[in-house]
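S.K.: Build out the structure end to end from the sequences listed, making use of the hints.
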Amino acid sequence: MKFPLNMVPALGALVLGTVEFVGELGIFAISGVSHVFRPPYYPRLIWRSLMEIGFYSLPVVALTALFTGMVLALQSYTGFSRFNAESAIASIVVLSVTRELGPVLAGLMVSGRAGAAMAAELGTMRVTDQIDALSTLSTNPMKYLVAPRLLAGVIALPLLVGIADILGVMGGFLVSTEKLGFTPGTYLISTFSHLKVEDVVSGLIKAAVFGFIISLMGCFNGYRSKGGAQGVGAATTSAVVTASILILALDYILTQVLFVK
Amino acid sequence: MTQPKIRIRGLKKAFGEKKVLDGIDLDVMPGTGMVVIGGSGSGKSVLIKSIIGLVTPDSGVIEIDGEDVLKASRGRAHELRAQIGMLFQNGALFDSLPVWENVTFGLLAQNKIRRSAARDKAIEVLAQVGLADNVAALSPSELSGGMQKRVALARAIASEPAIMFFDEPTTGLDPIMGAVIDELIVDCVKRLGSTSVAITHDMASAQRIGDRAAMLYEGRVCWTGAAEELLTSTDPVVDQFTHGRAHGPIKMALRR
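Sequence lines, in order, name chains A and B. For the first sequence, the numbering used here gives the first residue as 1, with consecutive numbering after it. For the second sequence, the numbering used here gives the first residue as 1, with consecutive numbering after it.
None of these hints come from the bench; they were simulated from the model. Among these hints, one or two may not hold up.
[What the hints assert, rightly or not] Examples of chain A residues toward chain B, derived with CB under 8 Å:
no.	residue
1	T18
2	E20
3	S96
4	T128
5	Q130
6	D132
7	S135
8	L137
9	P141
10	T237
Beta carbons are placed, not taken as given, at the ideal position from N, Cα and C, and that holds for glycine.
M.R.: Below, the structure is given as structure tokens:
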């Protein structure tokens, strides 16, 4: 069988494009992180980004966590009742939520909400020359626009996930006690007897990484968008898609690093 | 002999295969207004962006007060460019900030004023461009196109820059508002004693705000002269461009 030589240029372009993208992203990330630690600092912008990423995402993350906990309890019961293992439901719910579902679902929801908003805002600023205007007004756009968002992402996601953990467990508790016949005391004892500090901490570490990824992809795609409204739309889509894929891929890597011995 | 405020020699910039600037030579004398004209894609914006540091040229010299900003350290280049004010084509006002913060943004960034005094300073500068104090609290999206241009002009002059750039200042405005903005530009530049460089396609505007004019064509300065000579120039490229003729050397170049 002959090798299709006409595919070589396309493959080469794909490889070069990927290398270029990864290189640009790496340089952007290093530059953004370095500006987090160098003055001037913009506490007002960090606060604003915290509100955007954290506070305004709270309703959607809270509802997601609550319903996920409820569904998890129901589905676990369906499976475990076949093996007379209903007593494991509480531990399954709390471990699933704190170690996995809390950070991943919160990350995906925040990516769709705050990451998209970031990309759209910076993209609009790019195509309307506002980012260039910052440079002409003695302000480094990386420091002013990117660094506060990166920092806010790393701070806000763990806080959101902490709340999501509580609400997820609460969802499981509500369904188990109201619908599945568990007594509240038994359920709570079972929940906390199987929960370790490292379960929660590792979930929060994942959340911090996901927060960084969401802000990074939102800023990166928005910052380099071009071509008017269509370009901003493409940047927004790309921010959400790339952040979501990276969250899922990094989730596996972090799970392996943090949990497997 | 007086040293040019801005001196450009052999400036080149290409994007891929496309040579946008192909050896620009240009002098802008202190206290004068230079108008740069040229067709779309002729490199006018790239030229200005190169001077203010938004685009890095491939080669050439850009001197401000005799000092090459391309060879200066990052800090020194930043200092040299801190004396530049810029009015962007579409205003480029920051949507997320009220008008007063837009106007004093550069002053606050350079720690030239305290935040508590910024609003009063903004009202003072807004008055210079004919805007009432109640505009200060509004958001840019609440302003008309003409008012946005005025606010953008106020932002550009707030730090009293020694050099001012105007990127198509009258684009998108009706002729009367365009004339008003031109008058404000001339007034502000004169009052501050600044050197100015403007890009425009509007010949009436070019003659109002410019003392000298330069025409860019095929990546080079093909003509320089007094702004008032723009419409009477016998240079075939300038003549075709300024009179908007469909036939002439510029169209020939497009066909090539």
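S.K.: Now tell me, hint by hint, if it's right for this structure.
M.R.: Verification of the supplied hints:
For the restraint placing T18 (chain A) at the interface with chain B, the shortest Cβ-Cβ distance is roughly 19 Å, beyond the 8 Å limit, so the hint is violated. Checking E20 (chain A) against chain B: minimum C-beta separation of about 14 Å lies over 8 Å; hint violated. For S96 (chain A), the interface hint is violated, since its Cβ never comes within 8 Å of a Cβ in chain B; the closest pair sits about 39 Å apart. The beta carbon of T128 (chain A) is positioned within 8 Å of a beta carbon in chain B (closest approach about 6 Å), and the interface hint is therefore held.
Look at Q130 (chain A): its Cβ gets to within about 5 Å of chain B, closer than 8 Å, so that hint holds up. Checking D132 (chain A) against chain B by beta carbon gives a least distance of about 5 Å; that is within 8 Å, so the hint holds. Checking S135 (chain A) against chain B: minimum C-beta separation of about 6 Å stays under 8 Å; hint holds. Checking L137 (chain A) against chain B by beta carbon gives a least distance of about 4 Å; that is within 8 Å, so the hint holds.
This hint is violated: P141 (chain A) has a C-beta 10 Å from the nearest C-beta of chain B, more than the 8 Å allowed. The interface hint given for T237 (chain A) is violated, since its Cβ lies 21 Å from the closest Cβ of chain B, which is over the 8 Å cut-off.
Hint violations for this structure: numbers 1, 2, 3, 9 and 10, all remaining hints satisfied.
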